[in-house]
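All chains, please: the whole structure from these sequences, using the hints.
Chain order of the listed sequences is U and Y. Sequential numbering of the first sequence, starting at 63, is according to the numbering used here. Sequential numbering of the second sequence, starting at 2, is according to the numbering used here.
If you are wondering where the hints come from, they were derived from the structure by calculation, not from laboratory data. Please note that the accuracy of each hint is not assured.
Unchecked claim - Keeping only pairs whose Cα atoms sit at most 30 Å apart, straight-line, the calculated BS3-like set for lysine-lysine is: (1) K94/U to K223/Y; (2) K94/U to K75/Y; (3) K115/Y to K94/U; (4) K223/Y to K208/Y; (5) K36/Y to K101/U; (6) K156/Y to K75/Y; (7) K182/Y to K101/U; (8) K101/U to K75/Y; (9) K79/Y to K94/U; (10) K177/U to K302/U; (11) K156/Y to K73/U; (12) K111/U to K94/U; (13) K101/U to K115/Y; (14) K16/Y to K208/Y; (15) K115/Y to K16/Y; (16) K111/U to K79/Y; (17) K94/U to K68/Y; (18) K156/Y to K101/U; (19) K111/U to K36/Y; (20) K208/Y to K115/Y; (21) K172/Y to K182/Y.
Quick caveat, the model's predicted, so the values are computed rather than measured.
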Amino acid sequence: MLPGIIAKFDKTIDLMFRFLSGFGAYWLLLGKVFARPEKHSIYYRQTMKELISLGLRSIGITVIISFFMGAVITLQTAYNTENPIYPTYLIGLGCRDSIILEFSSTIVALILAGKVGSNIASEIGTMRVTEQIDALELMGVNSASYLIMPKVIATLVFNPFLTLISIVVGIMGGWIAGTSAGVITTQDFVYGIQYAFIPYYITYSLIKTLFFAFIITTVSAYQGYYVEGGSLEVGRASTKAVVYSSVTILLFNVILTQLLLS
Amino acid sequence: MIRAENITKSFAGRKVLNNISATFEPGQTNLIIGKSGSGKTVFLKCIVGLLEIDEGNIWYGDTLFSKLDFTGKKEIRKEMGMLFQGSALFDSMTVEENVRFPLDIFTGMSDEEKLERVNFCLERVNIINSNTLFPAELSGGMKKRVAIARAIALKPRYLFCDEPNSGLDPKTSIVIDELIKEITVELNMTTIVNTHDMNSVMENGEKIIFIEEGEKCWEGCKTEILRSDCKILNDFVFANSLAKQLKASSLEE
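So this is what it looks like as structure tokens:
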């Protein structure tokens, strides 16, 4: 029995050690990422490329998901509040608050962790295993900064716009679904989305988006940057990037909600 | 000139390089040969600073490179070019952008000057009308030549090639070998080539270092290698029957 307990204890210690060394390596990588750029014009060009690759190319998925989620939220709220005591405009209000407070920041971030996170980890991981990162280092380029900083800036700049797009499209989806299904009139829905509106909720959503954008980019980049091996390991890093950034997003969602709304 | 003094490197307690010393002269092609897994690539990566050495010193001219910080190394790295085993061209960039990249980073040249230099380097390696192609659209030999063009874009003093012939047919291998040799003389570079291709050894081996299990076993040139009595070297160099016959006839002469 005792050897079993000791083995379990060893395993736990090993896991903790790996977590702490990974955590330390993550912060050391961030130190390299935010070093002074070699040449601003190159970084500017890279940032523009990343804005297209990570930002503009995420609009499609954001719009589609937001539209249908808005629609489902409205229909679910309608069917679950089918009671003469509740005024129907509450359906619009519920749709608005759900979308602004949680959906457009957190759920969209989780979806982007899948799309953007795996993209970043596999791109950087492939560069690592094919010695492209070594080639950059050999040229005297700070590879971590050159590869990761433009991605961080691009997502920090663009993801708030994605959140705003998601809010607008989600509410539109809710309105179209609600009126098409006949569960609410346009007049009630518009009244509902204007009722007791707190502008700070938008700020709260955007602050969360900034944190989540940073988490998605840096956690995924970390997974890709330290890949060792071949294509199999790149695939594993890509999966880890999605899992770790999603879990971190959920954890920070709790922390930020408590800090910003309490 | 590059000088490596008593280089030792370990990974997870396992010694991969053990007390290796070597001097590489400018204007000639220096070869590091050895079996797969003997430590050639690790030695080359230690020389260029991609891996930190555990013990020893690496000198570039009068500068103690191994003790420099990132900024200090960067100055010397401007004078380095490297051809990686898999070419390591940037996938997201075209051929032209790949070759222009070091010029963008390190020079204040105008766009016209950069284009002129890029085209000169590409023509030098016989890559013509391929500026807009991406690495995925190139053959293995073309990738190597573009990588050489990128390596010489800044007119380096030092050129490093990690197995430049791997994955190439014998004829293309010879073309790449000749190109490396010509460029070395043209630019009076100190060139270090990692290889286990015996054609390269016989063609380019002005100075050869043989590494076996992380230790330097032999040092000489291509004419000396035929007459060497180092058993481990002979087992490596004359591994096939044709090579054994060549060795026998060489000794008879």
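Outcome of the hint check:
{"no.": "1", "hint": "K94/U to K223/Y", "verdict": "violated (44 Å)"}
{"no.": "2", "hint": "K94/U to K75/Y", "verdict": "holds (15 Å)"}
{"no.": "3", "hint": "K115/Y to K94/U", "verdict": "holds (29 Å)"}
{"no.": "4", "hint": "K223/Y to K208/Y", "verdict": "holds (7 Å)"}
{"no.": "5", "hint": "K36/Y to K101/U", "verdict": "violated (41 Å)"}
{"no.": "6", "hint": "K156/Y to K75/Y", "verdict": "holds (16 Å)"}
{"no.": "7", "hint": "K182/Y to K101/U", "verdict": "violated (33 Å)"}
{"no.": "8", "hint": "K101/U to K75/Y", "verdict": "holds (14 Å)"}
{"no.": "9", "hint": "K79/Y to K94/U", "verdict": "holds (20 Å)"}
{"no.": "10", "hint": "K177/U to K302/U", "verdict": "holds (13 Å)"}
{"no.": "11", "hint": "K156/Y to K73/U", "verdict": "violated (53 Å)"}
{"no.": "12", "hint": "K111/U to K94/U", "verdict": "holds (21 Å)"}
{"no.": "13", "hint": "K101/U to K115/Y", "verdict": "holds (16 Å)"}
{"no.": "14", "hint": "K16/Y to K208/Y", "verdict": "holds (25 Å)"}
{"no.": "15", "hint": "K115/Y to K16/Y", "verdict": "violated (44 Å)"}
{"no.": "16", "hint": "K111/U to K79/Y", "verdict": "holds (26 Å)"}
{"no.": "17", "hint": "K94/U to K68/Y", "verdict": "holds (20 Å)"}
{"no.": "18", "hint": "K156/Y to K101/U", "verdict": "holds (20 Å)"}
{"no.": "19", "hint": "K111/U to K36/Y", "verdict": "violated (42 Å)"}
{"no.": "20", "hint": "K208/Y to K115/Y", "verdict": "violated (35 Å)"}
{"no.": "21", "hint": "K172/Y to K182/Y", "verdict": "holds (15 Å)"}
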